[in-house]
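Colleague: Assembling the complex is the task here: the two chains are given apart, and the hints tell you how they should meet.
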Amino acid sequence: MSPADRPALSNRSVLGLPLLASEISVLFRRRRTWAMLASLALIPVLIALAVRLTSSRPSTGRGPAFLDQVSQNGLFVSFVGLLVSVPLFLPLTVGVVAGDTIAGEASAGTLRYLLIAPAGRVRLLVVKYVATAVFCVAGTLAVAVSGAMIGAALFPIGPVTLLSGDSIAVGDSIVRSLLIAAYISVSLLGLSAIGLFISTMTDVPVGAMATTIVLSVVSQVLDSLPQLDWLHPWLFSHYWLGFADLSRQPILWDSFGSNLILQAGYILVFGALAFGRFTTKDILS
Amino acid sequence: MKRTWLKWMPALAVPVLIASVAVAVPVAANAAVNLPTKTPSQVLALAAGEKVTALSGTLSQTSNFGLPEIPTTGADASAGSAIELLTGSHTARIFVDGSTKQRVQVLDTMAERDMVRNGSEVWLYDSKKKTAAHSTLAAGATSPPLTEGSIPTPDEFASKFLSSVDSTTVVSLGDDLRVAGRTAYNLVLTPKAGETLIGSVSIAVDSETGLPLSVEVFARSQEAPAFRVGFSTLDLGTPDASLFTFTPPAGVTVMTKTPKAQAPQTETPRNDTAKPTVSGTGWDAIVALPAGKNTARATSSPLFAQLTTSVTGGRLLRTSLINVLLTDDGRVFAGSVPLAKLQTAAAAAAATK
Numbered sequence: 000m001s002p003a004d005r006p007a008l009s010n011r012s013v014l015g016l017p018l019l020a021s022e023i024s025v026l027f028r029r030r031r032t033w034a035m036l037a038s039l040a041l042i043p044v045l046i047a048l049a050v051r052l053t054s055s056r057p058s059t060g061r062g063p064a065f066l067d068q069v070s071q072n073g074l075f076v077s078f079v080g081l082l083v084s085v086p087l088f089l090p091l092t093v094g095v096v097a098g099d100t101i102a103g104e105a106s107a108g109t110l111r112y113l114l115i116a117p118a119g120r121v122r123l124l125v126v127k128y129v130a131t132a133v134f135c136v137a138g139t140l141a142v143a144v145s146g147a148m149i150g151a152a153l154f155p156i157g158p159v160t161l162l163s164g165d166s167i168a169v170g171d172s173i174v175r176s177l178l179i180a181a182y183i184s185v186s187l188l189g190l191s192a193i194g195l196f197i198s199t200m201t202d203v204p205v206g207a208m209a210t211t212i213v214l215s216v217v218s219q220v221l222d223s224l225p226q227l228d229w230l231h232p233w234l235f236s237h238y239w240l241g242f243a244d245l246s247r248q249p250i251l252w253d254s255f256g257s258n259l260i261l262q263a264g265y266i267l268v269f270g271a272l273a274f275g276r277f278t279t280k281d282i283l284s
Numbered sequence: 000m001k002r003t004w005l006k007w008m009p010a011l012a013v014p015v016l017i018a019s020v021a022v023a024v025p026v027a028a029n030a031a032v033n034l035p036t037k038t039p040s041q042v043l044a045l046a047a048g049e050k051v052t053a054l055s056g057t058l059s060q061t062s063n064f065g066l067p068e069i070p071t072t073g074a075d076a077s078a079g080s081a082i083e084l085l086t087g088s089h090t091a092r093i094f095v096d097g098s099t100k101q102r103v104q105v106l107d108t109m110a111e112r113d114m115v116r117n118g119s120e121v122w123l124y125d126s127k128k129k130t131a132a133h134s135t136l137a138a139g140a141t142s143p144p145l146t147e148g149s150i151p152t153p154d155e156f157a158s159k160f161l162s163s164v165d166s167t168t169v170v171s172l173g174d175d176l177r178v179a180g181r182t183a184y185n186l187v188l189t190p191k192a193g194e195t196l197i198g199s200v201s202i203a204v205d206s207e208t209g210l211p212l213s214v215e216v217f218a219r220s221q222e223a224p225a226f227r228v229g230f231s232t233l234d235l236g237t238p239d240a241s242l243f244t245f246t247p248p249a250g251v252t253v254m255t256k257t258p259k260a261q262a263p264q265t266e267t268p269r270n271d272t273a274k275p276t277v278s279g280t281g282w283d284a285i286v287a288l289p290a291g292k293n294t295a296r297a298t299s300s301p302l303f304a305q306l307t308t309s310v311t312g313g314r315l316l317r318t319s320l321i322n323v324l325l326t327d328d329g330r331v332f333a334g335s336v337p338l339a340k341l342q343t344a345a346a347a348a349a350a351t352k
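From first to last, the protein sequence lines are chains A and B. The numbering of the first sequence is numbering that gives the first Met the number 0, which starts it at 0 and goes up by one. The numbering of the second sequence is numbering that gives the first Met the number 0, which starts it at 0 and goes up by one.
The following block holds chain B by itself, in its conformation from the complex (with noise of 0.2 Å):
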């Protein structure tokens, strides 16, 4: 009887085992990080003099906005494309080499969306779609980025916060952390407006070069990260130069655009001529968004009356970070507001009509 049981103890312990390692990695992956005391401010300042050229790494981006989220099967994950920024997760790899030399790739299941940049030429190609664009930059312009489901980059994302830190930001900061192998400090944006959605927002700039490797966004309403874009991996050295030259293959699409294509972004969607115009700045400022063809075609689809809720004056896309108001007449106020908030602008902006 006795050796019966020692027949099953591998059984038993490897499980343990197992487990134990699974739970020591990351614990010892986060062993306390100790930097030098550093004030906000300095590590404001440090931010501000990064001066990082050359990187290769790997960013994972995820994003939990209180949406249901759509099963996506084996190999053909694309049903759920449409809005599948807002729910799902992402992979990109990045390479850099100065600051004309580019080349993001954003992993998809089974494909691949490039943008390959050398000096003024820039590529973007879509396994997919099968189709390569090829453009070329004004001097000094910066890179474009991909179309729909592209990733920002930690330090482009981190940029718009940091830029607009002003009266109505708390900065403080958070337990010293590792992101991808490497030490940072934490830098906790708080908004000081009672009305918002946002929480707070904490970037992770690196110890040694001042590199924002991670930007969380919060929002009140929930623990976990409604957004988050950082580095699981990264590489400080310089990428092999052939990954930043790009020959399309044969069989693709070809398509050449024009520079004025690559005028600076708005966010209005194209074919739409109207202007969005912001109302309020900072934290609780509302983008309100005039009737358009895009919005009446956004409505008549059956995801929309799935995802958004029937509210006093429209339909509103309700998310732990941005709520959406579609007004019956078909303007579009958007804003990590409350939806009083959204429904007094789309009043108001009635009114002065």
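Only chain A is shown next, with the shape it has when bound in the complex (with noise of 0.2 Å):
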């Protein structure tokens, strides 16, 4: 990752779009981000292998719930996916990345080139949280695309019931996926604000890494205790697993919309205090 492999920065790039361009093409060259995606998508594999390979059902009530419609439904794969990946997988590669962000380009010593190009340090902090909210994305669709193939291989497709009982065809289901994923992307950008944050704050990225999963773990066990009730709207795990309403009929879009909030008060916060540091720090490196 040597500040060649950049393609060169024209003065007239206001917006930073060439940048941003330039950085994600940089994100997605990594063998890391590509292994970092093929794990995450051989979750699901592993999850229809297991169900098909053993013969006797799941039984209701045991396991991730759903995993016992798996069988009858390849659809359901891709959902189940979902619901292992989101409180632990996810959150570790969206910590890995977020935290290298800033990090990474210090200890490689790339960071005080970057900005000798006329990119300015808050445009390169933008360009760094777009491309984590990039990856977000992308490792959402990892699973829920290698998750709806892996379904569709090995066991028959047919409507989908809803947890309210209804069925809706295919095309609908496909919809409704599409829009978990865009909710588990979204749940995972108040995460990334965190690890942009930490990155900042230190020259070891192995540190704001492991300092950003460590955080979404300990949200989540604060979430799991009923004592602190009044602190968990304000938790950003609190809505992690709020994309089973998006599986009822008709679709209750107030976790959405309260998710959607949370994420955006983190984006802020976060954004605000990596400005604040990155705008007023030393850079040596």
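Source of the hints: derived by calculation from the structure; they are not laboratory data. The beta-carbon is built from N, C-alpha and C at its ideal position, and this holds for glycine as well. Hints may be right or wrong, so weigh each one.
What the hints assert, rightly or not - Not close to chain A: a few residues of chain B, all C-beta gaps over 12 Å, as computed:
#1 A10
#2 A30
#3 A44
#4 S88
#5 D125
#6 E222
#7 A304
#8 V310
Said to hold, decoys possible - Chain B is faced by these chain A residues, among others (derived, beta-carbon under 7 Å):
#9 S163
#10 L267
#11 L272
#12 F274
Modeller: Dropping the structure here:
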């Protein structure tokens, strides 16, 4: 990842679009990014194979929700895959990408070259954040798409039963899956902002990654303690599993809206903190 | 140096902005409501004359009986289901079109329980157990409740209190309220009887239609309501007709219930042939249940030992609203009264035997 990897930046790039394109292409040319996307895509494959290869049907109420529906309808594979990835695997990969944003460049000694280019610190921060957000979408889609594909390959496909007991056609269910993927991508934006801020504080990318991941676990543990009821609506992981509301009939949009507001709040707070830290920081490497 | 401070300003300003919005929004929503003055009896008449036939809304129910709370983790929150109704909170959506089309959806984590009624056809669906039960109602019968963990609508719940307003109750009006975006009169029922745990019951009566929008039951021993059920959103338009047609999805166990199963529900658990007896009337009534199979099963669970305390003559389940005494010989006495009254009732019942 030397600066030579990046396409030359033109002076006219006021919006930072070339910088963004370069950032995204650097992110997705990394072997680490592809390894993370591949392991995310592997989760639904493992689930589908496990269900396919065991003769006994999983009994109702054991294992993750909806696991027992997988053998009857392949489209449930991506749903189970997302359900399993949301608490740990997705925050893990997002933590790696977000924690690496600034600290990674600092530790590789490329940060000052990036800032010599007429980009400016604010624009670099924004570009780094948008690239992380793109990874959130890519990670979620990796699970959803590979789940749908392996499900279609191994199991019958048919009308999907919603939580409310109503059935919807395959076309409608794809729309709902995309909505769920959008919901989960939005859910991860708050964590990305936290990771970006932590990344501005250190030159050791591993430290920033680990801190971000630990925070996502801490938030979920706090969310499960009823004694901290007052705190729950303020935790960035509070609505992470709320995407089930999109599989009700009619769709319950409340949690989508609350999640959006909550994540926007986290983006503003930690974006402002990252701005304060990064614009006042002495860049030595 | 000055510029450094300026750069940190957004990091300071944003939390302040968010905090002020978080404070201002609830305040604006609860801005003083000034409805035309009415007497308590006029509001009672307004509630009695309620003629809402179609609505769709979201109900939320919270219980705070002063019991210990059981942690629920992530997607699988079934561990505490036995006493979840006593401690936690629930959300349900309700759709009503006329007296014969209803749908209630109890929204659980990653699951849902539905009651769909269309004419005399009733379906009960449970997404977690993957069961659908079909039954046909006799003409004019009321809809059956969902099984365990169902939420009463404010309407049903309020009518329980309103129908028993008598000389033992003082009816007054509190400050006007705003519930689910609608203005409401706050009808407060306070028991006159000295020996009850119930402090008061407040019912928010919609100023326009008379529909009860929320019911809060306050215990004498705590400030927060012990039980609250109310609308968080409410739309008085006719819901989509497709909501009331239900076809059991593939792969679920379909059961057919005979109409006999829809006989008037009693408070007795099934399999328990013993009938409960009620002594006293109004707020300090005591329900007595003779020894039965179910009480023996309940007392053997480890949760029971944790939740109850040993008292003279048996074990006591103490909540802020209801005390339940399980005597050593297996009888059950329950009521919104202090323990001493339950013990007296238990002793009196034993003496007459």
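Colleague: Are the hints correct? Go through all of them and say.
Modeller: Against the structure, the hints come out as follows:
Non-interface status of A10/B relative to chain A is broken: a Cβ of that chain comes within 12 Å, the nearest being about 4 Å off. With a least beta-carbon separation of about 21 Å from chain A, A30/B lies farther than 12 Å from that chain, consistent with its non-interface assignment. No beta-carbon of chain A is positioned within 12 Å of the beta-carbon of A44/B; the least distance is around 35 Å. The beta carbon of S88/B is not kept farther than 12 Å from every beta carbon of chain A, the shortest such distance being approximately 9 Å.
The Cβ of D125/B sits about 9 Å from the closest Cβ of chain A, inside the 12 Å cut-off, so the non-interface label is violated. Against the 12 Å criterion, E222/B stays outside the reach of chain A, whose nearest CB is about 15 Å from its own CB. With a minimum CB-CB distance of about 21 Å to chain A, A304/B clears the 12 Å threshold, and the non-interface call stands. Every beta carbon of chain A lies more than 12 Å from that of V310/B, the smallest distance being close to 27 Å; the non-interface claim holds.
For S163/A, the suggested interface contact is upheld, since its CB lies about 6 Å from the closest CB of chain B, less than 7 Å. Taking 7 Å as the C-beta contact cut-off toward chain B, the hint placing L267/A at the interface holds, the least distance being around 5 Å. Hint status for L272/A: holds, given a least beta-carbon distance of 5 Å to chain B, under 7 Å. Taking 7 Å as the C-beta cut-off, the interface hint given for F274/A holds, the closest approach to chain B being about 6 Å.
The structure is inconsistent with the numbered hints 1, 4 and 5, although it conforms to all the rest.
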